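Each chain, letter by letter, is given below.
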Amino acid sequence: MIAIPEKNFLNEPRGLKSWLVTYDHKRIGLMYFFGIMFFFMLGGIFAMLLRLELFNPGKDFIEADTYNQFFTLHGAIMIFLFIIPSIPAALGNIILPLQLGAKDVAFPKLNLASWYLYVIGAMFFIASLVAGAADTGWTFYTPYSIQTSTAVIMTGTGVFILGFSSIFTGLNFIVTIHKLRAPGLTWFKLPLFVWGLYATAIIQVLATPVIGITLVLLILERVAGIGIFDPALGGDPVLFQHFFWFYSHPAVYIMILPGMGIISELISVHATRKIFGYKPIAYSSLGIALISFLVWGHHMFTSGQSVFAAMVFSFLTFFVGIPSGIKVFNWVATLYKGSIRFTTPMLYALSFLILFSIGGFTGIVLGTLSIDVHLHDTYFVVAHFHYVMMGGTVIALLGGIHHWWPKIWGRMYNETIAKITCGIIFVGFNITFFNQFIIGAKGMPRRYYDYSEAFHFNHAFSSIGAWLLGLGFVIMAIYLVHSIFKGKPAGDNPWGGLSLEWETTSPPDPHNFHSIPVVEHGPYDYDKIIPKSAYQDELEKAKATA
Amino acid sequence: MDSTGTLWLPPGHSTFASDVDFLFYVIAYLSLAFFVIVTVGSLYLAFRYRNKGKRELTSGIAHNVPLEVTWTLIPTILVFVIFVWGFKDYLKMHVSPKNAIEVKVSGQKWFWSFEYPGGVTEVNTLTVPVGKPVSLLMSSQDVIHSFFVPAFRTKMDVLPNRYTRLWFEATAEGEYDIYCTEYCGKGHSEMLGKVLVLKEQDYNNWLSEAAAASSSLSLEEYGEQLYRTKACITCHSVDGTANQGPTWKGIFGKTEKLADGSNVTIDENYIRESILNPMAKITAGYQPIMPTFQGILNDRDIDALIAYIKTLE
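Chains as they are written, first to last, in my numbering: chain A, 1 to 546; chain B, 1 to 313.
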């Protein structure tokens, strides 16, 4: 029988106060986790309400103004409060120092400060719900955002504060990865999740200040009329779009790069196979991070920007696709002559390969100048970014949660229910979003409260898928919470992984490791070592007796 | 060329449609091929090499140079071809033919208005002849809008502080939807219009009847009136003499040398900028003395002046 260590970071020290003033990266990561899960639920509820309203054309139960606020809230909450902090600040915070064999991140106090900034930023969002939530879309395009009477300033301030939270995390991770690697853990022995977080952190530190500045200018424009974006004062509203996307395009990679890092871990560990093309995967993360700064104009092909600019941005957009493609091929090749276990994390990894590929291919369609003119600002774009952000990042996040859950809590969830739930989410997601490609290509514009009867069937179909998707998440919440209390003890290394986080106890000690780990093998040396795993031993024994 | 619509795309009725649709399907089928490789490949490998109940050492193969070069090079070549192809078609959309009929489009919350040569105006219906290029000079009265006609495969944002242009040539008579595709507030999804494509003869008849019915001044006439009433006449001649400011005669479309040595082509945006922010680009040989007309001339006034300047050949 596998035992759970009596003293671990979850119960030592005890009391609410010990959590609120903790410097322990694992506790801060968990507090982030509960924060992002709360906002994932809130953003999800808004999504459900939107889909309910869109079930039929015309008014079903909310007014156009409310609908506009709801899609703004859905987007802004999902982007700024959920998906950007999701993988780095929650899972990354918990796992990164463990994978490095470190006691903590480089700046534990900064880490805690970043969580409090997250909470303060979130409060501005919550307050804006009462004060008349912004109806600008998460993109805050001027001059609409200057003229609307809704609480743009409050939401903007929230985003500004959340930006600093993100910068703190990024800065912390860069220094941690440079300075706190265990003896023997050279750069090319790092797990690929660390490479993903490293590339992400660079973007967080370099790009996030720009959204901060942009929002300050927007707020000043509203308060003082400084005339930088307002055409009535000689300002240029398209300048806002350039500023906004200069951050928000790299931000897309803040969202996807750590997800790609998780997928590298999942595929290698659950296929018990040395990762194929370690260096191409690691370098492609850095390549993506670099090029991501140079493609923002592809959001503006119909904005009136010059034809020359459009040409350059289209060209670079295609070339940011290549490193992503290389990663996908390497992941597929990793399955060759492995020993694949169809665990829940593996099912999420396979779902990711399928959904992210669709997201990537439709990105090529949208990067093509002549076609983007037709598809821009239609449901085709909506479907595309949901395939990348949800089919990519969120599916990777879920895979990562299921992968590291037994490490964090020391207990395993019910694998059968988890696999069925993965199936429900996969099917629900595709029902919701695949047919949005079709109505988008047929000309259905996005952000429409009302639509013509011709699109009725597809909209209703999407709405049904959304409810199925929602059901999947409810089931997941139930079995995950259940496992915290009643789950089967998982042991140190339930999956048989080789990176350092599997060498400590589950849940880990408050100080992570009892002694400084010394690294003698790579994170993926499954061709040389069969890792010890009490949990797998039990499974094999049960199979043999059956 | 026309198409009757497919599973993915709506019927196409402009000269751009067949090019856009063809390239769309080229990419779609290429994507499908790669998608099958990735999906079938990963599922096949996952089942073929599934764990048989015992943990064991597995393959250490982590590189294969020919394979890796192939899967880098082939996609790179393909996307380069797609890029050039897409850019070539995009260029066509941005160079409107000289003989195009020019219609002034104005977007505001939440309707479209169209002004034809001769001063005829319509709201939410754009009437055009079939088989003739039509060029839309567009601006917004308030926030950003975007003019989208799915059947023509064309779209362009409509901005409050400058003109944008979009052109098309309809290939079949009929009625086609116009959507606003830049979010503009409460009535965004109601900001709809129709393009009515008529036979050329019918279009001409409609236009002359509508012009006869309209008693108001044409845009050009209104511009000439403003030229005198707003005191442009003090500094700018229309007969070629240079006063404090450059003459307007034949100025439209000319390339002028600026005081800082650069060149500028006199177009709608230059004129608009020179009226609202005269210090931005000073023509070489003239003093920077013109006052701004910000707040004195509204958008329709500026449109009228531009229309008037265009007549001064």
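A portion of the hints provided could be inaccurate.
[As the list claims (entries may be wrong)] DSSO-like cross-link-like pairs, simulated, lysine-lysine; straight-line CA separation at most 30 Å:
id : chain 1 : residue 1 : chain 2 : residue 2
1  : A       : LYS528    : B       : LYS54
2  : A       : LYS189    : B       : LYS54
3  : A       : LYS419    : B       : LYS54
4  : B       : LYS254    : A       : LYS532
5  : B       : LYS254    : A       : LYS488
6  : A       : LYS486    : B       : LYS54
7  : B       : LYS254    : B       : LYS92
8  : A       : LYS7      : A       : LYS532
9  : B       : LYS88     : B       : LYS194
10 : A       : LYS532    : B       : LYS54
11 : A       : LYS543    : B       : LYS98
12 : B       : LYS92     : A       : LYS59
13 : B       : LYS194    : A       : LYS59
14 : A       : LYS337    : B       : LYS54
15 : B       : LYS98     : B       : LYS194
Derived from the structure by calculation, the hints contain no laboratory data.
Because the structure is a prediction, the values reported are computed rather than measured.
For each hint, the structure was consulted:
Of the supplied pair hints, the one linking LYS528/A and LYS54/B holds, its CA atoms being roughly 16 Å apart against a limit of 30 Å. Distance hint between LYS189/A and LYS54/B is fulfilled; the C-alpha atoms sit about 27 Å from each other, no more than 30 Å. With a C-alpha separation of about 21 Å, the suggested pair LYS419/A and LYS54/B falls inside the 30 Å cut-off, and the hint holds. Between LYS254/B and LYS532/A, the direct Cα distance comes to roughly 80 Å. Violation of the 30 Å bound is thereby established for this hinted pair.
Using a Cα cut-off of 30 Å, the hinted pair LYS254/B and LYS488/A is violated, with the two alpha carbons roughly 81 Å apart. Between the alpha carbons of LYS486/A and LYS54/B the distance comes to roughly 28 Å, so the proposed pair stays at or under 30 Å and holds. Distance hint between LYS254/B and LYS92/B is fulfilled; the C-alpha atoms sit about 23 Å from each other, no more than 30 Å. Annotation: proposed proximity of LYS7/A to LYS532/A holds, straight-line Cα distance about 23 Å (limit 30 Å).
With a C-alpha separation of about 29 Å, the suggested pair LYS88/B and LYS194/B falls inside the 30 Å cut-off, and the hint holds. Only pairs whose Cα atoms come within 30 Å are accepted, and LYS532/A paired with LYS54/B is accepted, the gap being roughly 13 Å. For the hint linking LYS543/A to LYS98/B, the alpha-carbon distance of about 79 Å lies beyond 30 Å, and the restraint is violated. At roughly 41 Å between alpha-carbon atoms, LYS92/B and LYS59/A are farther apart than 30 Å, so this suggested pair is violated.
Only pairs whose Cα atoms come within 30 Å are accepted, and LYS194/B paired with LYS59/A is accepted, the gap being roughly 23 Å. For the proposed pair LYS337/A and LYS54/B, the alpha carbon gap of about 15 Å is at most 30 Å, so the pair holds. Between the alpha carbons of LYS98/B and LYS194/B the distance comes to roughly 25 Å, so the proposed pair stays at or under 30 Å and holds.
Consistency with the previously given hints fails for numbers 4, 5, 11 and 12, ordered from lowest to highest.
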